[in-house]
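**Q** Next come the chains, spelled out residue by residue.
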Amino acid sequence: MTSAGPGCTFVFGGARSGKSVFAERLVEASGLSPAYVATGRCLDGEMESRVLAHRARRGSHWTTVEEPLDLTAALTRLARDDRAILVDCLTLWVTNLMLEERDVKAESRALVDCLTELPGAVVLVSNEVGLGIVPDNAMARDFRDHAGDLHQAVAERADSVFFVAAGLPLKMKG
Amino acid sequence: MTSAGPGCTFVFGGARSGKSVFAERLVEASGLSPAYVATGRCLDGEMESRVLAHRARRGSHWTTVEEPLDLTAALTRLARDDRAILVDCLTLWVTNLMLEERDVKAESRALVDCLTELPGAVVLVSNEVGLGIVPDNAMARDFRDHAGDLHQAVAERADSVFFVAAGLPLKMKG
Amino acid sequence: MTSAGPGCTFVFGGARSGKSVFAERLVEASGLSPAYVATGRCLDGEMESRVLAHRARRGSHWTTVEEPLDLTAALTRLARDDRAILVDCLTLWVTNLMLEERDVKAESRALVDCLTELPGAVVLVSNEVGLGIVPDNAMARDFRDHAGDLHQAVAERADSVFFVAAGLPLKMKG
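Chains as they are written, first to last, in our numbering: chain G, 9 to 182; chain D, 9 to 182; chain P, 9 to 182.
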């Protein structure tokens, strides 16, 4: 089993690809103390039931933090030599930033910059959303562009990168 | 040339990725007697012309069965030591189950359970649909979730798994 | 660093996957004289700013040609033993052909046929668009089918094929 060694791992894939479970296993296998940063907000029942299912699966030895917007600050605060932090997920974070009209490019840059300096291990999970037909509305296109730019920057910085499909990881870097 | 040896192979990919042709070649290369289970219904002319083109390509030595709903029963009935069965495709099957308001989770579980016990070879083809923007309507999101969950379960059970893009197979397992 | 050797390279991936930058690097690393064939038309400001950003990145030693429709003729005219041509991208070309009601199948076949005979190196970039939910409207489905068929034909003809995601290339052939 691969584990999240000290440093940064990027895990991306489609909806229901098994990327979160794979990322959780990386964190569990690291032997470090696991922490979870949820970027999603429980906007509706559909979302809430997913969040609860994820939490039940991880178990109570995980430290859980909800941070929809100030992800870089949360990571800087949480990171320790003996801790592995799972961020799930970057696309929800980008969505939240856009809804709050934050500067997504600047916030993305700050996140990527902070990754180089964090102690311990961090595993970032994200949705690949750029492999379908061009969306009709401009906001969805902007979202897709922000997500793609962020993925490229995170993957460049990460020590290892996995693309997950049908529950199976494909190592693309590291 | 890779072939579908006894056991279970999962082939998935996007629209017009060449996944069906690749799966047909696996079956042909197995040397076993080929059977085809079509899950699609000829709902309209567009669909019908695709089905006819697929059939013409395969040739008359294939046994062909149409089974939009009771896939597990059809597989159990058809499977033999000397036969390789191609199922094309799982996402159309999920669509049909949803339209008939069947219990997709239960039917998916029954299918995956049956795969362990079938004699001969079976190759299951499916569409990856989770790599675009989140769809607006709830039914499309449910469909995407059902498809993703089924793909993970089938891939876990399968002896080999191929992701096909631009006609080229990428072995992800086996 | 991999380079575009004499012959044909196909690079495909999602929106903002880093496919164009990767393709440009292949061309630069070839040591051949670089030429760029832009198939996109500056229909609106959004598009125009992308085109200008791409052009600024490449630098002035590139020969740039805009050819939204007659791509095969443009390639035949431009190709030389000492030149590496980057075509960006095939999906925009297919879009343009459809808008002009050209015969996409015939034009695609002519393009693929010409690839075998070109001197020097050619790198073709395209968007994978078939991995999301089936689009509602028939024209988007036709587009997806044309793109997928063309990708299969180009990948079959190409000496090397790369799938790019999150800025990372995955070699699928060659």
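Just so you know, the hints here were simulated from the structure itself, not pulled from any lab data.
Among the hints, erroneous ones may be present.
Stated by the list, open to error - The calculated lysine-lysine pairs, modelled on BS3-like cross-linking and capped at a C-alpha distance of 27 Å, are:
(1) G:Lys-179 / D:Lys-181
(2) D:Lys-113 / D:Lys-181
(3) P:Lys-113 / G:Lys-181
(4) P:Lys-179 / G:Lys-179
(5) P:Lys-181 / D:Lys-179
(6) G:Lys-113 / G:Lys-181
(7) D:Lys-181 / G:Lys-181
(8) G:Lys-181 / P:Lys-181
**Q** Failing hints, ascending?
**A** 3
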